[in-house]
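The hints should help you fit chain B onto chain A, whose structure is shown.
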Amino acid sequence: MSKEEKYNRYQRQVILNEFGTVSQDKLFSVKVLVIGAGGLGCPALQYLAAAGVGQIGIVDFDIISLTNLQRQVLYATEEVGRGKAETAAKKIRALNPEIKVEVFNTRIQNSNALELISPYDIVLDGSDNFATRYLLNDACVLLNKPLIYGAVFQFEGQVGVFNLEDKLTQIKANYRDLFPFPPLEKLSCNEIGVIGVLPGIIGVMQAAETIKIVTDVGMPSTNKIISYNVLNNRLYEVEIVPNENMGSVMPKSKAELLKFDYEWFCNAPPINEQITPEDFHELLKNEKITVIDVREKDELPLITWIENIHLPMSEFGRGIKTISPTGKIVLICQSGKRSLEALQILKSKNPGCEVFSLIGGLDSWEKKSKSSV
Amino acid sequence: MAIKLLTFGQITEIIGQSESAVNALDSDALKAQLIRQFPGLKDLQFVIAVNKKLISKNTDLKDGDTVALLPPFSGG
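Heads up: the protein sequence lines correspond to chains A and B, in order. According to the working numbering, the first sequence is numbered sequentially starting from 247. According to the working numbering, the second sequence is numbered sequentially starting from 426.
So that you can see chain A by itself, here it is in the shape it has in the complex:
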């Protein structure tokens, strides 16, 4: 293809003053990995391919179902039952045969995340669950790749750019700085619903952020989260600030990432990881255990009647490295909520350790002790 022919297809953007062939060349030479060819992935893939991104990777293990077609607009009714990654690839190759498309008909997880992401320059998160979102985030931080975040809920969406250094401030924030803890209930589009146009809008916004970053045209929403409500067209932008404490929870090496249990981190601990005040009492009598109080330093009274380590939640991520527990660990807070979060962290970093959270916290323990007197 001659030099003129190379830009023919892209003429409408190349003639823009801010864009030019310089920006187009940058798009030609970038590789973008799109995780999920669903509600967010479909529109993102269409526009990335149309814009001329040189190489696009598609990661999705799922097959097309009828209820997807309300929002996953790359697919046709007769394609229900076929693999999403392969079908999406077919569609965007037809749209733009000049680009390279790689298909990964697989689920992204600890064992393959680093390998899948390494050859690519930017990752676009079109996933639909928290475990994958935290995994993508951690892998991108380890591999130093920008992550274009997008997520939807009913009529509202979120977009943001993580792990990209802001040119002015040199600050780099990521998903864990924004949402250190996942919600413990699992809610998917299947259960709560979503209006079709919403992921369409958010997915294209993600593609827009990708293009801005690659070409250096415009201002990407680096270290920001944009909330959008389709019902009233309101956009609200919030600046994310790095959270040192939660940074320590993130895996710092390939080995740590392989070990980190994301499903554990994102799901409510099974009931046998929670301990009643009665059982806690028994444990204290019969075994040498480590008790950790995760309340903040100004929460009184301090626990003086049993030996314990005081490690507040605000320092928990950093501080757990310094603890070498003997035997079982019991985590305590005021009401039993924070100790559950602490348990999530401990278990996801050390899947083998025996750790419990005191149900109802100090509130219920005191009540129990008083009633038994």
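FYI, nobody ran anything at the bench for these hints, they're computed from the structure. Beta carbons are placed, not taken as given, at the ideal position from N, Cα and C, and that holds for glycine. You may find that some hints are simply not true.
To be verified - Restraint ranges, calculated between C-beta atoms of paired labels, are given here: (1) A:443 - B:489: 13 to 23 Å; (2) A:554 - B:489: 40 to 50 Å; (3) A:263 - B:485: 39 to 49 Å.
Showing chain B alone in chain A's frame:
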């Protein structure tokens, strides 16, 4: 302190409106107050931004501040 409160996602469902006026001295007090008034908030995960900047610890509030409560979304 007279605060403008903005909410998103499931939080708006629980509180009943996406924009309201509240009074609080600091972000911890505001959170405690809202949870007392709307117990459904107790088990929800969300983060707090004051004047469009995310906070990670208790922050004093002044008249005219805007506080936003943001829950994580996972849909894709």
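- [ ] Tell me, in ascending order, the numbers of any earlier hints that this structure violates.
- [x] 1
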